[in-house]
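If you read the protein sequences in the order shown, they are chains A, B, C and D.
Residue numbers for the first sequence follow numbering that gives the first Met the number 0, beginning at 0 and rising by one.
Residue numbers for the second sequence follow numbering that gives the first Met the number 0, beginning at 0 and rising by one.
Residue numbers for the third sequence follow numbering that gives the first Met the number 0, beginning at 0 and rising by one.
Residue numbers for the fourth sequence follow numbering that gives the first Met the number 0, beginning at 0 and rising by one.
Calculated directly from the structure, the hints in this document are not laboratory data.
Treat the hints with care, since some could be wrong.
Repeated chains share a single entry, so a pair holds when one copy, or any two copies, can fit it.
As the list claims (entries may be wrong) - Below 30 Å or equal to it, Euclidean Cα-Cα: the simulated BS3-like pairs (lysine-lysine) are:
no.	residue 1	residue 2
1	Lys6	Lys18
2	Lys95	Lys18
3	Lys120	Lys6
4	Lys95	Lys6
5	Lys120	Lys18
4 protein chains.
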Amino acid sequence: MTENADKQTLAQACCEQLKRGDGLIDHLGISIEVVDAGSAEVRMRVQEWMTNGHGTCHGGMIFSLADSAFAFACNSENQPNVAASVSIDYLNAAHKGEVLTAIATRTAQRGRTGIYDIEVKNDAGTLIALFRGKSQRISGELIATEPSV
Amino acid sequence: MTENADKQTLAQACCEQLKRGDGLIDHLGISIEVVDAGSAEVRMRVQEWMTNGHGTCHGGMIFSLADSAFAFACNSENQPNVAASVSIDYLNAAHKGEVLTAIATRTAQRGRTGIYDIEVKNDAGTLIALFRGKSQRISGELIATEPSV
Amino acid sequence: MTENADKQTLAQACCEQLKRGDGLIDHLGISIEVVDAGSAEVRMRVQEWMTNGHGTCHGGMIFSLADSAFAFACNSENQPNVAASVSIDYLNAAHKGEVLTAIATRTAQRGRTGIYDIEVKNDAGTLIALFRGKSQRISGELIATEPSV
Amino acid sequence: MTENADKQTLAQACCEQLKRGDGLIDHLGISIEVVDAGSAEVRMRVQEWMTNGHGTCHGGMIFSLADSAFAFACNSENQPNVAASVSIDYLNAAHKGEVLTAIATRTAQRGRTGIYDIEVKNDAGTLIALFRGKSQRISGELIATEPSV
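Here chain A stands alone, though its shape is the one from the complex:
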């Protein structure tokens, strides 16, 4: 339990570090609901400028929401990771005013490569998109830790 609490505290600190200086999270109005070791949940309201002429949310905005959940999840253990590739499948349209939730979980980790699955749903629980991201760990630490003596 204490170990889990520590992991959650670290994930939270990594999340704060990622948000520092980041321009997109605020710009899109993304709120961070949960972060933990290897997982994250974020939320965003579909604004008018995110939609096309029919009030349907652009794929790039759904992608961006899922991508931020992916980033928080794969950087939650103080080892910096970047996205190497992503595939996204659109299942249902999202519309202006809806609140979308993206939940990221780690499906696999092998060496420096991680595979994360992100589900995007609307308020009604309808599945909007499935996003599978592959992460690549890079050297260094997200948060500087004390040098071991």
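Given chain A, work out where chains B, C and D should sit, using these hints.
Chains B, C and D alone, transformed into the frame defined by chain A:
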């Protein structure tokens, strides 16, 4: 030649129709350089809000640029198409202030399904990302044409 | 419970129908462990001819095993489906003599499009590959049913 | 020209090395038509055992053909590479007796990661599938070279 000119005129008209009421193209500052039957070229400057704390452009913004080239290309022949799925590979980072160009071309079409490849490059010609989008044709027309008598 | 039993019986009958006249299942020595509505589990021993000079199983053989689980799962409800596209990520190598198990489950269904996730593991439970297949429903029935009077 | 000839000779030698001890190439009856730096062309006749009850070639066999072109192309410069992931889109069915050709070309290389595109066509030139493979370079050499003095 006249036929090609007609195709280009139609592609241009479809593009205008897509832009009508669209909020994202303007919001991201995307300029449309070329549209033709099955292809499109668009451009965007990486703004500060599109970047993370290190001045690196978020994947979702690179995706959104490529996605708009994809949308113009797969809707260039007055048959409405929606994105069904996309995969994106990131090759190099893009940075604040750089101008990115996305060029979409149709690689294959089979029945209602189309496959489009989009390359994203920076000013220096460095490859930033490869985006492969799959389109699904839906019924109707983008621009209402005269009923046949 | 009766309904579930009926579903399982139908899945079994669909599976038998798919196997009829099929050449690959036998050729690869694939055994079908479980089939049910939207899911399937199959198994295969890695034979010498399936490997390269280092005794490592070729990706195409891992793919073929996962693909058969996918086929049984997406054709388990008497509505014929074909594969439209697949993405596969390799996590660990498989070797000559190992028995691989592929488990397919339906992740999403929207209109005629289904998304199935297939995990391939070896005897030791090590994850070999993640396979995500997209199915497309075609018209007709797999098994002729009585015409309604 | 001499340099190109050298590259082709090296690609040929790498190809021979890969074939040594490989069981699948022969088993599937794959013939290697061309190998060069970053590219390869291979061919296979669809045999009866590769098909389902309707005489249609299994996706796993189309995948395996494309995968071998991918392997020869990404190992053509004496730097060993393994497949990290693949996505495949099926465009048209292939049938028993048809001869399929897979042509692999390198689309991008960035650090240790390469992206290769493979087209599979039948005798009539109809596009059967598009295969995009991502390679990961591993350490060592395919063919031992003389130590530099």
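Checked hints:
no.	hint	verdict
1	Lys6 x Lys18	within (18 Å within a copy, 46 Å between copies)
2	Lys95 x Lys18	both (26 Å within a copy, 17 Å between copies)
3	Lys120 x Lys6	both (26 Å within a copy, 28 Å between copies)
4	Lys95 x Lys6	neither (36 Å within a copy, 33 Å between copies)
5	Lys120 x Lys18	both (23 Å within a copy, 27 Å between copies)
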